[in-house]
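Engineer: Use these hints to put chain H onto chain F, whose structure you have.
Heads up: the sequence lines are chains F and H, in that order.
No gaps in the numbering here: position 71 of the first sequence is 51 in this note's numbering, and each next residue is one more.
No gaps in the numbering here: position 43 of the second sequence is 334 in this note's numbering, and each next residue is one more.
Don't read these hints as lab results, they were simulated from the structure.
Because the structure is a prediction, the values reported are computed rather than measured.
Some hints here could point you the wrong way.
Stated by the list, open to error - To be clear about the criterion: a stretch of chain H counts as covered by chain F if any three or more of its residues have a C-beta under 8 Å from a C-beta of chain F, and this derived list gives those stretches:
1) 326 to 333
2) 366 to 372
3) 444 to 457
C-beta: ideal position from N, C-alpha, C; glycine also.
Chain by chain, the residues run as shown.
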Amino acid sequence: MAQFLHWAVVVLLAIQIPLGKIAHELPVGLERLAMMSRHKSVGITILALALLRLAWRWFERPPAPPPMPRWQAIASRLNHGALYLLLFALPLSGWLMSSAAARPVSWFGLVQLPDFVAPDPGLKEVFEEVHEVLVNVLLALVILHVAAALKHQFIDRDGLLFRMLPGRRT
Amino acid sequence: MLRAFALALAIVPAAAHADVLQAGPSGGRLEFVALQAGAKFTGEFRRFHAELDLDPRRPDEGRLDVTVEVASLDTRDPERDEILRGPDFFQTDEHPQAVFHAGRFERAGEGWRAPGELSIRGITQPVPVTFTLVAGAGQSIMKGSARLSRLAFGIGRGEWASTEWVGDEVDVRFELRLQPAG
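Isolated chain F, as found in the complex:
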């Protein structure tokens, strides 16, 4: 389950980030509206999966990491914590941005989400800035995460990567 959720979020992020960038670049019009609303729907899906994944950690604790230097263990914990945090903070900042822009969020046209802030152009600018900064932080931390995983696989050869394979029991 944890593995499935991990890779589902990876696939969705691979769609979500380009989708957001493309939608952002488009001129105002129907196509932008369509792309942006898909971006919002995928974002809410990621938020739901991140919540599910955090809840799952309570039922099925992740196995202990392989032996490694103390600084690496700390860095790993920090990076994982930050990645989780971003999986919440990115969709939430986008959601708040939408509400502040008076463009409420609908999940694939099926459910309309509530607005936690009233329309406010100044607030919209703030959340937009936060959203953009956070996506760049996410990209940097993902690169670090992948680099660390590859190091475990090909330099340490401790088999850490195998336990994240989908369908594999921990």
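Structural biologist: Below, chain H without anything else, positioned relative to chain F:
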């Protein structure tokens, strides 16, 4: 009309019609709710004028007239407002006003139904408006709604004629504080 004229002559020679109630922009709210990308959003018209002449004993002889300055629309999203004022939607430079007129009323439950005609962008369509009217001290509260199809008025052209991302149905609702016309 003859009745109104006779009444005016007999009682208040200066006024055209003594029973007319009216509300301007500061006298309430005129809102619309539409669906964009599956989510409802609300906008309002900030400049409008409404006149109601409704004698419950003679509902066939009354009238409801509402004139809306379309460019005063505000959906709290400047980008969307600009598109709505533009050529694909209201084209407010050529069609600055939307006008509703009903010449009679029917009872509808506790309130009224005004089977009138609405003109937007040069297109006139029958649109029934339902409302309640509660008389108070010095002013009457008129609260009601109407449902219309934006495409019936040619609102949304070109790519915007599609209802995939912008719904066809638009709900109009209003709450007016009507006062006797001067």
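Engineer: Report the numbers of all earlier hints that the structure fails to satisfy, in ascending order.
Structural biologist: none
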